[in-house]
Amino acid sequence: MAQDASPVLRVEHLTMRFGGLVAVDNLSFEVGRGAIAALIGPNGAGKTTVFNCITGFYRPTEGRLALHRGDPAVWSVLDDLTASGKRGMVRSDGALFLLERMPDYQVAQRARVARTFQNIRLFAGMTVLENLLVAQHNRLMLASGYTLLGVLGFPSYAAAERAALDKARFWLDRFALTERADDPAGELPYGAQRRLEVARAMCTDPVLLCLDEPAAGLNPRESAELNELLLRIRDDHAVSILLIEHDMSVVMNISDHIVVLDYGVKIADGAPEAVRNDAKVIAAYLGVPDEDVAKVEESVGL
Amino acid sequence: MQAGAQAGRVQGSRVQDSRVNLVRALRDAAFTGLVTFGLLLPLIGFETVTNIRDELTLTTRWPLLAAAVVITVAGRFLYAIAVDPWLARRRERPAQPIPAWRYYFKKWFVPFAIGFVIAYPVLVILIVGWGGGLKWIDNFGIQILIYMMLGWGLNIVVGLAGLLDLGYVAFYAVGAYSYALLAKNFGLSFWLLLPLAGILSSFWGVLLGFPVLRLRGDYLAIVTLAFGEIIRMVIINWTALTNGYAGITGIPRPSFFGIPFNADDNGFAAVFGLEFSPLYRVLFLYYIILALGLLTCFVTMRLRRLPVGRAWEALREDQIACRSLGINTTNTKLTAFAMGAMFAGFAGSFFAAREAFISPESFTFIESATVLSIVVLGGMGSQIGVAIAAIVMIGGTEILRQLTFLKQIFGPTFDPTQYRMLLFGLAMVLIMIWRPRGLIATREPSVFLKERKQISVDLVKEGHG
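Line order of the protein sequences matches chains E and V. Under our numbering, think of the first position of the first sequence as 3, with each following residue one higher. Under our numbering, think of the first position of the second sequence as 24, with each following residue one higher.
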């Protein structure tokens with residue numbers, strides 16, 4: 003695998019154990035800046051576990067997850083930062099965070115990693131617009147003087163809220179949800195709920211967007227639209243995307259780079275074309291003819 | 024011809040339908056009667072009475088038992104034959120457009136209600152006169168407003184943040200004892216102690232919040248329940264400070280900018296050249312609690328439109344999604360507990376100032392349950408619903424006290440207030456059948472782009488802590 007000079011996320015030796023079960027075993031990969039990386043693998047391969055480690059929902063048993071933004075030179079302090087025991091550092095020319103040390107909400111707030119969920123998690127009883135405003139909580143909280151100024155009705159908060167509404171409107175427009183802005187999120191059709199979840203994640207101004215099966219349950223037309231949308235997000239907003247996906251039309255069409263997991267172990271890593279023709283990947287997904295089992299097992303190292 | 028035959032068939036099936044319904048209703052009623060009989064036989068059928076020689080004798084109360092069973096059977100029969108099919112028809116009926124009067128009603132209800140509560144004491148005095156007004160303003164107005172305020176305060180924790188708190192009365196107690204002890208021992212004024220009691224209560228709210236942050240749902244409810252009891256037990260047993268069961272007497276009452284409400288020469292009536300009447304103080308207290316209540320309501324409505332309020336509601340909807348969006352759920356929960364507790368603290372210090380006497384008796388679990396049922400009956404998260412529920416529940420209890428004419432019917436020993444809990448339960452059951460999510464079963468969005476649409480509560484989650 004070609005080493006990117008300045009990836010946005012560097013996963014090194016990530017291992018996650020649940021009791022005796024090794025869900026992810028010594029996994030290393032990188033997500034390039036402004037790239038779309040896909041994490042694929044059969045069911046139960048540990049993809050969502052990797053996501054939960056990156057976004058702070060799980061604390062990895064071992065490994066380093068470094069997220070970077072700004073000047074590539076900032077990468078040089080990675081080892082010092084790791085040794086210092088700090089969670090991250092912000093300099094004028096960039097920032098570096100060690101995600102494995104941060105609780106989930108800080109991963110989103112400070113390191114600016116946004117995520118969506120495999121089973122959609124919207125605020126169903128709140129309107130589409132409210133969903134997008136909740137996503138801008140931290141900035142609005144600051145503007146409302148941690149509620150104090152907001153209760154007293156200071157104009158600074160009103161301005162911040164207008165800005166938040168503008169941002170929400172922008173993303174509603176982008177995701178073709180403006181018509182449904184005042185409807186409760188739970189009443190949207192399935193495809194629109196998926197889009198809303200991505201829009202909500204984008205409202206947090208992420209550096210890295212982690213999408214857990216964004217195309218699950220979408221029809222071919224909808225997933226084609228999603229492809230286009232993700233490409234536009236990447237190109238227009240300086241966001242890198244890491245996605246888990248089973249829909250190969252999405253994975254093969256838009257990914258710059260694919261990592262394949264099987265039983266928690268990385269079996270392939272590279273460009274879509276190379277991964278598509280990789281013998282181990284084909285074996286993991288489709289199995290192999292009986293006469294080839296011994297050969298493949300040998301090549302996989304079993 | 025054919026149409027006639029079809030109509031006949033429809034008619035026939037309808038007759039058959041109603042016959043099936045009748046049979047089902049009868050069977051239902053009979054079964055209910057059997058259960059009631061079995062249940063009430065030991066409870067009502069037999070009674071132990073201590074006779075004159077101090078012996079325990081068993082007497083029977085067959086007529087009473089029969090009456091109870093007949094009432095239950097009749098009620099169940101009516102429900103099965105009339106109410107249930109009606110409810111089913113109502114469910115099938117397509118949604119109808121909202122009639123115009125509802126729109127105007129909605130628009131004018133809140134201003135009218137606020138105007139009414141401000142004018143209420145004047146109206147009472149005009150109607151029942153100077154002498155009879157005391158009862159209606161004090162027992163009715165102030166009592167209802169205290170519970171309304173508590174309901175609004177708890178609504179933040181339960182209705183908005185979705186954290187089931189069964190120990191809310193603890194904060195009410197902290198507020199009351201803070202005021203009582205500080206006012207009595209240090210002579211501090213009501214207006215200084217009111218915010219102080221609120222701060223102390225919210226401090227305890229945070230203190231309770233910390234250990235329960237990790238708990239969800241039923242476990243959270245149990246720990247908050249225990250917290251309420253712990254506070255009460257401490258108050259009972261720390262006699263050196265709180266005087267235990269005996270309570271604290273002679274708590275200073277609030278004064279009108281330094282002028283006390285008494286019959287002295289420097290009292291309120293004398294200073295303003297009025298004839299002395301205890302009503303002045305009651306009026307003063309009424310307007311204090313009204314102002315506090317409106318403040319609670321106003322602040323809560325304001326908070327709902329602020330990021331913290333939206334975060335509370337988002338927390339109720341989905342905590343994990345909240346965390347993925349960078350919301351610190353720990354702090355958000357703590358602010359909800361602290362806010363709710365603060366309003367209870369205000370109400371508590373007002374309560375102590377009004378009664379001039381407090382004891383642990385006033386802060387039992389039943390108070391928490393009452394406030395919680397006000398919130399649940401009103402519709403979780405709805406300010407107007409909570410207000411209506413408080414009026415119905417607390418006002419209803421007070422009305423029972425006024426029904427002295429019932430003594431003429433049921434005999435002089437009949438005390439309608441003893442049936443309070445029964446009616447309470449009945450109201451609860453009826454509301455839960457009629458409106459399972461409370462009186463006001465819609466959620467008002469906190470912000471909108473083009474039009475403000477009501478959100479059906481069916482979509483809104485109740486929260487699991």
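Just so you know, these hints were derived from the structure itself, not from any lab. The beta carbon of each residue, even a glycine, is placed where N, CA and C say it ideally should be. The reader is advised that the hints may include incorrect statements.
Taking lysine to any residue pairs in the SDA-like style, the calculated list, with each CA pair at most 20 Å apart, reads [as the list claims (entries may be wrong)]:
id	chain 1	residue 1	chain 2	residue 2
1	E	169	E	269
2	V	476	E	171
3	V	484	E	171
4	V	158	V	440
5	V	473	E	188
6	V	484	E	169
7	V	476	E	237
A few chain E positions that, by computed beta-carbon distances, are all more than 10 Å from chain V [to be verified]:
id	residue
8	75
9	82
10	106
11	111
12	117
13	126
14	129
15	142
16	159
17	180
18	189
19	290
### Message
Let me make sure I understand: some of the numbered hints might not hold for this structure. Which ones are they, in numerical order?
### Response
1, 3, 6, 7, 10, 11, 12, 13, 14, 15, 16, 17 and 18
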